[in-house]
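Peer 1: This is what each chain is made of:
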Amino acid sequence: MKAVHLLVLGLSLAGCATVQPWERDVLARPEMSLDANPLDAAIDDHIYFSKEGSSGGRGFGGGGCGCN
Amino acid sequence: MKETENFQTTLAAAACALLGTTLATRAAADEADKRWAFDSSLLYYGESDDRVQDISAMLSAQRSFGDERTLAATLTADTLTGASASGAIALDTPQTFTSPSGRAVYTTQPGDVPLDDTFLDTRFALNASWTQPLARLYTLSAGLGFSTEYDYTHLGANLSLARDFNKRNTTLSASVAWSQDDVDPVGGAPRPLSQMLDVGNSANKLGSDSKDVLDLLVGLTQVLGRNTVLRVNYSYSDSNGYLNDPYKILSVVDPISGDTVTRVPVGEGPTGVYVYESRPDSRTKQSLNAEVKHAFGARVLHVAYRFMTDDWGIDSSTAEARVRWPIGADSYIEPQLRYYTQNEADFYRASLVNGQALPQYASADFRLGDFDATTVGVKFGHRTASGNEWSTRVEYYQQSGQVPGDQIIGNQARREQYPDLRAVVVQFGYRFGL
Numbered sequence: 045m046k047a048v049h050l051l052v053l054g055l056s057l058a059g060c061a062t063v064q065p066w067e068r069d070v071l072a073r074p075e076m077s078l079d080a081n082p083l084d085a086a087i088d089d090h091i092y093f094s095k096e097g098s099s100g101g102r103g104f105g106g107g108g109c110g111c112n
Numbered sequence: 206m207k208e209t210e211n212f213q214t215t216l217a218a219a220a221c222a223l224l225g226t227t228l229a230t231r232a233a234a235d236e237a238d239k240r241w242a243f244d245s246s247l248l249y250y251g252e253s254d255d256r257v258q259d260i261s262a263m264l265s266a267q268r269s270f271g272d273e274r275t276l277a278a279t280l281t282a283d284t285l286t287g288a289s290a291s292g293a294i295a296l297d298t299p300q301t302f303t304s305p306s307g308r309a310v311y312t313t314q315p316g317d318v319p320l321d322d323t324f325l326d327t328r329f330a331l332n333a334s335w336t337q338p339l340a341r342l343y344t345l346s347a348g349l350g351f352s353t354e355y356d357y358t359h360l361g362a363n364l365s366l367a368r369d370f371n372k373r374n375t376t377l378s379a380s381v382a383w384s385q386d387d388v389d390p391v392g393g394a395p396r397p398l399s400q401m402l403d404v405g406n407s408a409n410k411l412g413s414d415s416k417d418v419l420d421l422l423v424g425l426t427q428v429l430g431r432n433t434v435l436r437v438n439y440s441y442s443d444s445n446g447y448l449n450d451p452y453k454i455l456s457v458v459d460p461i462s463g464d465t466v467t468r469v470p471v472g473e474g475p476t477g478v479y480v481y482e483s484r485p486d487s488r489t490k491q492s493l494n495a496e497v498k499h500a501f502g503a504r505v506l507h508v509a510y511r512f513m514t515d516d517w518g519i520d521s522s523t524a525e526a527r528v529r530w531p532i533g534a535d536s537y538i539e540p541q542l543r544y545y546t547q548n549e550a551d552f553y554r555a556s557l558v559n560g561q562a563l564p565q566y567a568s569a570d571f572r573l574g575d576f577d578a579t580t581v582g583v584k585f586g587h588r589t590a591s592g593n594e595w596s597t598r599v600e601y602y603q604q605s606g607q608v609p610g611d612q613i614i615g616n617q618a619r620r621e622q623y624p625d626l627r628a629v630v631v632q633f634g635y636r637f638g639l
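Chains U and B are the protein sequences, given in the same order.
Oh and the first sequence: position 51 is 95 in the numbering used here, straight run, nothing missing.
Oh and the second sequence: position 257 is 462 in the numbering used here, straight run, nothing missing.
Everything labelled a hint here was simulated from the structure, so no lab data went into it.
Heads up, some of the hints might be wrong.
Computed cross-link-like contacts, SDA-like style, restricted to lysine to any residue with a CA-CA straight-line distance of at most 25 Å [as the list claims (entries may be wrong)]:
| no. | chain 1 | residue 1 | chain 2 | residue 2 |
| --- | --- | --- | --- | --- |
| 1 | B | K372 | U | D89 |
| 2 | B | K410 | U | C109 |
| 3 | B | K584 | U | P74 |
| 4 | B | K372 | U | D79 |
| 5 | B | K584 | U | R73 |
| 6 | B | K584 | U | W66 |
| 7 | B | K416 | U | C109 |
| 8 | B | K584 | B | I260 |
| 9 | B | K410 | B | R308 |
| 10 | B | K410 | B | K584 |
| 11 | B | K584 | U | D79 |
| 12 | B | K410 | B | R396 |
| 13 | B | K372 | B | N432 |
| 14 | B | K372 | U | W66 |
| 15 | B | K416 | U | D89 |
| 16 | B | K416 | B | G392 |
| 17 | B | K372 | U | P65 |
| 18 | B | K372 | U | V70 |
| 19 | B | K372 | U | R73 |
Label pairs and their in silico Cβ distance ranges [stated by the list, open to error]:
| no. | chain 1 | residue 1 | chain 2 | residue 2 | range |
| --- | --- | --- | --- | --- | --- |
| 20 | U | W66 | B | S253 | 31 to 41 Å |
| 21 | B | I260 | U | T62 | 42 to 52 Å |
| 22 | U | T62 | B | W530 | 23 to 33 Å |
| 23 | U | T62 | B | D516 | 32 to 42 Å |
| 24 | B | P564 | U | T62 | 54 to 64 Å |
| 25 | U | T62 | B | Q258 | 42 to 52 Å |
| 26 | B | Q258 | U | D69 | 43 to 53 Å |
| 27 | U | T62 | B | T589 | 29 to 39 Å |
| 28 | B | L506 | U | T62 | 15 to 25 Å |
| 29 | U | D69 | B | Q603 | 36 to 46 Å |
| 30 | B | W595 | U | T62 | 55 to 65 Å |
| 31 | U | D69 | B | E621 | 54 to 64 Å |
Bear in mind the structure is a predicted one, so any value in this text is a computation, not a measurement.
Yeah, the Cβ is synthetic: ideal placement off N, Cα and C, and Gly gets one too.
With the hints as extra help, turn the sequences into a complete structure.
Peer 2: Rendered as structure tokens:
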């Protein structure tokens with residue numbers, strides 16, 4: 045837990061200026077979500093899992109298929 | 206009233222953006238005034254030269270129960286047909302193979318890379334998850350997954366815990382997933398490195414098998430400024446059990462000519478010597494994935510990079526970029542670009558040499574080979590007056606690979622050994638609330 049706090053502290057010191065709640069207008073836009081299009085992401089993961097030697101990374105992508 | 210609603214929606218969306226949004230929480234925020242939110246997709250995936258064709262439908266539903274508690278479920282149906290490369294090399298003469306069922310033969314024309322055209326499958330998958338705050342700053346998510354197809358069954362479970370720090374500018378998450386998959390290949394799983402036999406002879410087939418996979422993921426989401434958010438994930442995946450592709454084979458070739466050693470079938474059967482592939486029964490993969498979203502006014506840039514390495518000797522890099530470009534108030538266009546490159550697995554062999562001792566592991570599966578792949582695509586989306594959104598996405602995918610020079614023997618040099626794979630993806634999406 046100490047390491048976690050150090051990491052968080054490190055990030056705040058490393059120029060990651062704290063954005064205040066009332067400054068969230070842009071980050072709150074739906075398209076700014078890192079998971080804005082989950083079905084697109086799932087489809088891509090599935091195709092690439094079936095055709096390439098790698099999978100996952102974003103989340104638990106690609107599992108549950110006999111295609112690889 | 207309208208403004209109040211908008212304000213509430215914005216506030217809820219802001220809260221979710223800080224939580225390292227999941228599908229469920231984001232949708233709950235977007236549709237704050239709706240109890241159910243749906244996302245649907247219809248997909249066509251088609252490879253050139255009559256290879257794999259897939260039509261897939263997905264429906265995702267979320268129900269919010271207030272207090273950021275959400276239930277989400279996704280149902281997928283896939284129908285696959287077409288042919289896929291068997292792993293055998295091309296020859297100047299016709300080649301006949303026994304089909305996976307062991308009950309028929311198929312023949313490949315001279316010069317063609319052998320494709321097994323008996324490929325046909327229908328797959329159904331169901332995933333469900335529950336997300337809720339656990340305490341102030343903590344979010345818990347738990348999910349179950351199930352999928353079934355003719356020769357394969359998957360059962361999985363996952364659990365994820367996220368903690369916000371630093372006025373919710375930083376989110377750390379840890380997730381674990383476990384799955385148990387049963388493989389019941391058509392005609393039985395062949396004994397690794399055993400020869401393809403004549404029709405009706407199943408002495409080398411062993412029946413069904415299974416594997417289990419443990420995935421661990423640690424993620425950091427960091428707001429870098431008013432317009433920028435970063436996420437970095439480290440993931441570790443450990444697979445154990447039956448990891449072969451039961452339908453992949455290797456040609457056994459003459460050490461001088463490089464041509465497949467011929468064989469005279471008794472009745473119907475293979476005209477050359479082919480053996481079934483053999484992969485290790487464990488695989489450990491590690492990957493580091495970083496992605497950034499940055500807003501330039503109304504435009505949003507998304508870039509991502511992933512490095513993956515595994516103990517089969519494969520290293521891969523993936524780079525992706527997308528720009529969401531608004532057109533008017535209700536539409537957008539989003540060009541997408543992806544580049545992928547990997548080197549071959551330690552045990553990748555284009556063919557096996559007759560007379561030499563068989564290696565413990567060998568596979569000629571192109572997906573374990575040395576190749577690059579590029580995807581170019583564009584998506585168009587439009588929000589309707591009622592607040593629903595439809596979209597269309599078109600992508601072109603191309604793989605170009607090569608057999609390592611020291612694995613090319615004799616006549617193989619003048620024949621196509623690693624054909625390009627070209628595929629088109631067309632996807633229609635519709636998001637709506639009830």
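Peer 1: Which hints, by number, does the structure contradict?
Peer 2: 1, 6, 10, 20 and 30
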